[in-house]
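Student: Sequence:
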Amino acid sequence: MRPFTFIAPKTAQEALTAAGENSHYLGGGTNLIDLMKEDVERPTHLIEVADLEYQDITKTSNGGYLLGAMKSNSETANHPDIRKNYPLLSMAMLSAATAQIRNMATNGGNLLQRTRCPYFYEISMPCNKREPGTGCGALKGLNGNHAIFGWSQSCVATNPSDMCVALAALEAKVHVQQPDGAKREIPFADFHRLPGDEPEKDNTLQKGELITEIELPKPKYTKHYYYLKIRERSSYAFAMTSVAAGLVVKSGVITDAALAMGAVAHKPWKLTKAEAFLTGKKPSGENFAKAAEIAMQDAKPLEHNAYKIEMGKKAIVRSLTQAFERKA
Numbered sequence: 001m002r003p004f005t006f007i008a009p010k011t012a013q014e015a016l017t018a019a020g021e022n023s024h025y026l027g028g029g030t031n032l033i034d035l036m037k038e039d040v041e042r043p044t045h046l047i048e049v050a051d052l053e054y055q056d057i058t059k060t061s062n063g064g065y066l067l068g069a070m071k072s073n074s075e076t077a078n079h080p081d082i083r084k085n086y087p088l089l090s091m092a093m094l095s096a097a098t099a100q101i102r103n104m105a106t107n108g109g110n111l112l113q114r115t116r117c118p119y120f121y122e123i124s125m126p127c128n129k130r131e132p133g134t135g136c137g138a139l140k141g142l143n144g145n146h147a148i149f150g151w152s153q154s155c156v157a158t159n160p161s162d163m164c165v166a167l168a169a170l171e172a173k174v175h176v177q178q179p180d181g182a183k184r185e186i187p188f189a190d191f192h193r194l195p196g197d198e199p200e201k202d203n204t205l206q207k208g209e210l211i212t213e214i215e216l217p218k219p220k221y222t223k224h225y226y227y228l229k230i231r232e233r234s235s236y237a238f239a240m241t242s243v244a245a246g247l248v249v250k251s252g253v254i255t256d257a258a259l260a261m262g263a264v265a266h267k268p269w270k271l272t273k274a275e276a277f278l279t280g281k282k283p284s285g286e287n288f289a290k291a292a293e294i295a296m297q298d299a300k301p302l303e304h305n306a307y308k309i310e311m312g313k314k315a316i317v318r319s320l321t322q323a324f325e326r327k328a
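The sequence shown: position 43 = 43 (the working numbering), numbered continuously.
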């Protein structure tokens, strides 16, 4: 690990003031420290933010909730209000990593975790995300766990988060604060980027901005929900494919649907066409299968990951079925 300086400011404004060239905010450190050990990330200045003031979960005036960015994943997923009002989010978060890592990882840090593409982690291999201009080793290499949506010739990596798949389905917002004190809200669909020609940029944060809170809309999917994570082993493994599904069913008809996939793109992949198809339909196996076909129609597999198309279809059908049949 390379030398770096470290400070632990007492307020968010102090942290923002301290941000500078080649500095990183440090939350739980469950991803950043690993990347520093592997010599992938090389910050010269770390600013510890895990103990700052954004630690609460509070209800908003419109009936939604604000999640403090510095609160741990475990505390958030197990919070009584989140388990009751956003069980899809709780289910997704509790499927991630291990209990020990969830105890350390912060909500804001989860949004910023970087891809687990092995070409990104192996500094002897070409990777445009790690070192722009060197090429994408996975494009013609071993790409069985890589993207089938939204990839470019520059990068085929996927976003590894479970929490973010649920946040995409729920249409959350990310609250950030800028070094000059200004604040802004970013719709979750706009927070993460597709790779394009700049795969080194994972998100739309501006230099020095600090995530302070995540805003959840008014609860809707409290009865019919499911998070399905398909992985090679049941613990401490990233998804091969995942699906977050939420339904509102009234008088035997779906009046609202939320669907998003993970491990298939550079960002959590919102299935808007499938959601639109399901709205107004009966919650049947036939309609779930049609929604899955619609969801996967734009997939463009690489040499080794065509299996994700059929797996994705089955995962969507299964998650929708489990959501509908769930006994709340």
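Any given hint might turn out to be false.
[As the list claims (entries may be wrong)] Derived Cβ-Cβ restraints for the label pairs, each shown as a range:
no. : residue 1 : residue 2 : range
1   : Thr11     : Leu142    : 15 to 25 angstroms
2   : Ala289    : Ser251    : 47 to 57 angstroms
3   : Thr255    : Gln13     : 38 to 48 angstroms
4   : Glu303    : Ser235    : 40 to 50 angstroms
5   : Val249    : Glu303    : 50 to 60 angstroms
6   : Ala8      : Ser284    : 51 to 61 angstroms
7   : Met104    : Arg193    : 38 to 48 angstroms
8   : Asp256    : Thr58     : 33 to 43 angstroms
9   : Asp51     : Glu200    : 48 to 58 angstroms
10  : Thr272    : Thr11     : 48 to 58 angstroms
11  : Thr58     : Ile33     : 21 to 31 angstroms
[Said to hold, decoys possible] Keeping only pairs whose Cα atoms sit at most 20 angstroms apart, straight-line, the calculated PhoX-like set for lysine-lysine is:
no. : residue 1 : residue 2
12  : Lys37     : Lys59
13  : Lys300    : Lys223
14  : Lys314    : Lys270
15  : Lys207    : Lys223
16  : Lys84     : Lys220
17  : Lys59     : Lys201
By construction, these hints were calculated from the structure, which means they are not laboratory data. Everything numeric in this text was worked out from a predicted model, so none of it was measured. Just so you know, even glycine gets a beta-carbon here, dropped at the ideal spot from N, CA and C.
Student: Hints first: check each against the structure and report whether it holds.
Tutor: Here is how each hint holds up against the structure:
no., hint, in the structure
1, Thr11 / Leu142: 15 to 25 angstroms, "46 angstroms, violated"
2, Ala289 / Ser251: 47 to 57 angstroms, "22 angstroms, violated"
3, Thr255 / Gln13: 38 to 48 angstroms, "44 angstroms, holds"
4, Glu303 / Ser235: 40 to 50 angstroms, "29 angstroms, violated"
5, Val249 / Glu303: 50 to 60 angstroms, "41 angstroms, violated"
6, Ala8 / Ser284: 51 to 61 angstroms, "55 angstroms, holds"
7, Met104 / Arg193: 38 to 48 angstroms, "26 angstroms, violated"
8, Asp256 / Thr58: 33 to 43 angstroms, "25 angstroms, violated"
9, Asp51 / Glu200: 48 to 58 angstroms, "29 angstroms, violated"
10, Thr272 / Thr11: 48 to 58 angstroms, "39 angstroms, violated"
11, Thr58 / Ile33: 21 to 31 angstroms, "30 angstroms, holds"
12, Lys37 / Lys59, "39 angstroms, violated"
13, Lys300 / Lys223, "34 angstroms, violated"
14, Lys314 / Lys270, "17 angstroms, holds"
15, Lys207 / Lys223, "40 angstroms, violated"
16, Lys84 / Lys220, "11 angstroms, holds"
17, Lys59 / Lys201, "32 angstroms, violated"
Checked against the numbered hints given earlier, the structure breaks hints 1, 2, 4, 5, 7, 8, 9, 10, 12, 13, 15, 17 and satisfies all the rest.
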